[in-house]
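Residue numbers (this note's numbering), protein chains in the order written: chain V, 1 to 239; chain A, 1 to 236; chain U, 1 to 270; chain G, 1 to 251; chain Y, 1 to 251.
If you're looking for bench data, these hints aren't it; they were derived computationally from the structure.
The hints are all genuine.
Heads up, simulated DSS-like pairs for lysine-lysine below, C-alpha to C-alpha not over 27 Å straight-line: (1) G/72 x A/49; (2) G/13 x A/49; (3) A/126 x G/13; (4) Y/203 x Y/231.
Bear in mind the structure is a predicted one, so any value in this text is a computation, not a measurement.
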Amino acid sequence: MNSSFINMEFLIDTFFVALSGVPIALLVTVVALAIALPIGFFLALTRINEIPILNGFTKVYVSFVRGTPIIIQIFVLYSILPLVLASIFERYNIDFPIYEVNTLWYAFIIFSFNTAAILVEVFRSALKTVNAGQLEAAYSVGLTTAQAYRRIIIPQMLVSAMPNLCTATINLIKATSLGYAISLQEITLKAKVAANVGYNYLEAYIDIFIVYLILCITVEYLFKVFEKRLSRYKAVATA
Amino acid sequence: MEKYFDINYLWTALPQLVPFLWITLFVAALSVIFGTLLGLIIAVFKLSKNRFLQLLANSYITIMRCTPSIVLLFLVYYGIPAFADSFFGIYLQDVHTGVFVVITFSLQFAAMMAEVIRSAYLAIDKGQYEAAVSVGLTPFQAYRRIIFPQAVVVALPNFGNGLISVLQEGALAYTIGFIDIVGKANLIIANNYNTHALEIYIALAVFYWVLSVVIAKIFELLEKAFSKGQRSLKTS
Amino acid sequence: ACGNGESEKSSGTKTTEDGQEVRVVKVAYDQAGKPMTFIDENGNATGYDVEVMKLVDELLPEYEFEFVGTTNDDLLIGVEQGKYHAGVKNAFWTEERTQKFIFPQEFLGLSSAGLVLKKENENIKDLSDFATAGMTLAPIAANNAQYTVIAEYNDANPDNPVKLQAGEEFTVDVVQWVNEGRVDGGVIIEGAFKGQVLTEGGPYYNLKDEVVYNEFAVIKTWPLFNKNEQEFADAYDKALAELKETDKLRELSVEFYGRDLFEVLDKVER
Amino acid sequence: MLEIQNVHKSFGKNEILKGVDLSVDKGDVVVILGPSGSGKTTLLRCINFLERADQGTATLGDLKVDLHSASKKEVLAVRQRSAFVFQNYNLFNNKTAIENVAEGLIIGRKIPKEEAYKIAREALDKVGLSEKYDSYPSQLSGGQQQRVGIARAVALNPDVILFDEPTSALDPELVGEVLEVMKEIAREGTTMIVVTHEMQFAKDVAKKVIFMDGGNIVEEGTPHEIFVTPKEERTRRFLRRVLPGEYDFEI
Amino acid sequence: MLEIQNVHKSFGKNEILKGVDLSVDKGDVVVILGPSGSGKTTLLRCINFLERADQGTATLGDLKVDLHSASKKEVLAVRQRSAFVFQNYNLFNNKTAIENVAEGLIIGRKIPKEEAYKIAREALDKVGLSEKYDSYPSQLSGGQQQRVGIARAVALNPDVILFDEPTSALDPELVGEVLEVMKEIAREGTTMIVVTHEMQFAKDVAKKVIFMDGGNIVEEGTPHEIFVTPKEERTRRFLRRVLPGEYDFEI
Ligand SMILES: Nc1ncnc2c1ncn2[C@@H]1O[C@H](COP(=O)(O)OP(=O)(O)OP(=O)(O)O)[C@@H](O)[C@H]1O
Ligand SMILES: Nc1ncnc2c1ncn2[C@@H]1O[C@H](COP(=O)(O)OP(=O)(O)OP(=O)(O)O)[C@@H](O)[C@H]1O
Ligand SMILES: [Mg+2]
Ligand SMILES: [Mg+2]
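Given the sequences, and given the hints that come with them, work out the whole structure.
Written as structure tokens, this is what we have:
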């Protein structure tokens, strides 16, 4: 039996190793969100407005992402993406060095694929909370549909989407911990590699745990601040 | 890509995977049962007026919310026995892996359920309680006969979502050597010298997808069956 | 013959018909390590390492082995923590591992590690050629000893390192990756290469003319024992020494690796 | 029948009820008027212990309780002798009309099921809902829901029924049917305290009208006294706003 | 000013409007009465293209459009010459009072910001909300919200303002302030079509009262004609229910 429960020195050293994975984890999160937000919103609109073909496609897409474990999505996409891309490039004679791309790009694609589907549902339910009367009122003062969305609907929709956006973001950050499966140099992989040298897995996982805790609580806090700013119009008279 | 993709691997994998589906479902079922009970307690804490209990519940929920499943799984699987051994001299190394899997996902499910239960409770108009006590029911009777049945209906869709998500998080149990459907899939891949993984993963994805669609459907029907009183005239 | 108090509570004893005490020990194996350690179609443990341990079991009447399949990570942590008394996973010897495990005197077998390369890169014979050519290497799971071998090479050759990446074993299909050009090369065990590419009916038999296997080392592999299992390790040594007198290990090597690796034993460095 | 004395109630720092006294005789109808926020709802809720008053007593027949410190048993006793009709009906959404009415009888009063259902049917018949026994609240119009609410109260055969603006959530056209039912019940001799803005109802039915403002009873009297010869300026100002051009006070 | 002809509208199989004609002269106030479900709201919504009619035309000054097949440009043109005041206000929740009023001017009408704010301030002053420029809707009472809604409509200086039960979501006491503002605006000569249950308002302000039932205009005339000498039995029945005991028709 190992004599001491926890190797403190290793615990502290590896904490910083794990911490050094944060930029990659955040980069993947931010890029995936940046790609997924507009796609998710657009697809949510196709669902709400029941646009014939797209609506059906979105339904299937969302159902697949929500219906399968993300680790399996990672496995499948990571295996299939290069094959599909390579054959596309081949067909159109595009000379693109598909195999020289960094794993980071796979991570961007995989996590965007996943997050966009989640955001479809987030935006869809948020759009539903905006009273139809708001759109009508905008029409009645002579705004076009695009103007009404930009100035009235989206700002209000965002407020009710905030808590779910926060959850989606946190789930995304957590999901990057599965990036180890595609050799993404993020928090978990870095700590695991460090652990491997002396087999200090327990310590490594405690470090990973702490790093994610800090990361996610910070993100939660930021969202709360942002949400408060967005929803200042909800303040009651007595406040 | 036809060069690599050999559908035969997929077909041969399917029957091999089926028996392990039950293990996956069993683990999910146990996690749901224990998780719901724990979640109920946490929801009660969070709704209570006691600041300390609220803090406890909130911290629990935050920690669970912020911990990736795979990390939680490892901490439970290696942490609990090491901790029990170092501090209490209790030897837990012989405990079956499945137990740790169930503990992990029960803990996680409880955090989800606490919020589901709490919001379902809050969704029921206070007037329902007031009306019940005003016709002479005791507070307990009011909860049991009026509030609870309505809260269940409100909670149902979120409960279904929670169930689907615990099923999916469970897919990570393979990382600690637990052989459920994913574990079995990885064994099949290993037996093919780690080749043709894609076909096997697609088989897995199909299982999960069908499963989640079926569960969603079941909950939709349940919701309909339970919400007879809530149905609005328009939709009937 | 029992261990100390610590391991006593973790292992049962049995009594055979002739009244002898038999200690039941748990031997973990990596269930995804074909052809060294794996589960066959019937759900039984097998592979070179496992079969050797079965022979050892036969020679040790006072022990009864219980084979427990698990993952790489769990095997290492489990043997260290005492959940398992010993483990086999085609393990190489590394300095760090001696801190955590007992390595016995007698090695278990030999493993030929090599590079999978495209046919046109046949001339890359070892890691330094590979590094000089600036080629990319398929990711290796961080807990796999292959990772350590490359890492050690890099430490020894800081001016000409191989690009080493950690990954997950299930997502890396080395031969296919090399063939499709996703990476230039991958580390593989000869047995696995033969099973995949050179055996008729193997999954990549169709690639037998496209990819090559270039051995860069033959390495001794070891069972790992829990730190408290010195006595068990000694018993193992005794049995294995006996086995090495016979041809049984050579036969198993041929059976699982398609080649008698003991022929090159004198060239083995580690 | 019901006598309330010196009810005080604050929410935080706001004193909402500043010592209200009120008495109703058996079979009488008392209507409470007053501007929004004057404490009308709070007063009714304190009587039925939906809020705990800070001070005050209630005497209901032979039962005398302290509105601040009544025990659980006393609370239950008061609730079993009184009934409440809510502004927004508060029917049990998960129960049909007849189950709504029977619930309090079966569970609260321990009346056998068949008998309870018999009483419930009679109560629903009385409010004109013989066709709707098995409808859920969501399948009923607002007026019908409120009539179920009244039947639920009536079925309990309470000493007093408290109505809190029973018609104010209804479409104008549905108000009539509910007021009609309330008049009918008043005619049968049920004791009622009614908070309402329906002046016509007050004039037709009330024995006594009470005008509240700022947590106090400003003025009380017969409908004629309040509507035609109000003494207080505050009362007049209120009535002028609520009944514009309809009344000319005799000054 | 505004002339509507032969408006038909069905929802699914229900024909809600069965060929309605309506005309309003500049500066006139027309009040529409009718039981719930008679199609009053639907009519107003068709005029403003919040619903697409199945058939019908509207002439607004020199602009003539087909209510069924108007182009996007025509729709926008009609909306810029008309304004709508909603039953439940529909203020933009994420904008302050003044932003609510200015929004249509700046974005819809492309009026420069400073000028738009000037107009918005004047409109808010007119409805008595000089103090509330920067309040969000959630910080305003119902009556104040509806006054912002009216200011928003007035600021657009439209040819006609459509009111759909502007006071029916308000507490009784707040109704007065909104009606007062509406009377004021009517006095200034704004063309208005008002769906309301406020008979007093109709009597005081309307040039013409229209009674609708079942998707048709049953009767129209001056307030006196409709309230005192209604010709149709249906009109009488309706008024009797809504104004119990208040009117004695001359038969
Ligand atoms: N639970 C509560 N917490 C804090 N303040 C409250 C609460 N309930 C009521 N109040 C306040 O008490 C005052 C009186 O409320 P109450 O509902 O009794 O008035 P009301 O006379 O019934 O008015 P309305 O005619 O609008 O129903 C109001 O100012 C209200 O804001
Ligand atoms: N979007 C819709 N889909 C289907 N039916 C509708 C829709 N809008 C209105 N209706 C129906 O059209 C009929 C007329 O509705 P409308 O709102 O015009 O009546 P109204 O005269 O304004 O009544 P109220 O006084 O209750 O407001 C009603 O039966 C209503 O159910
Ligand atoms: Mg009230
Ligand atoms: Mg309407």
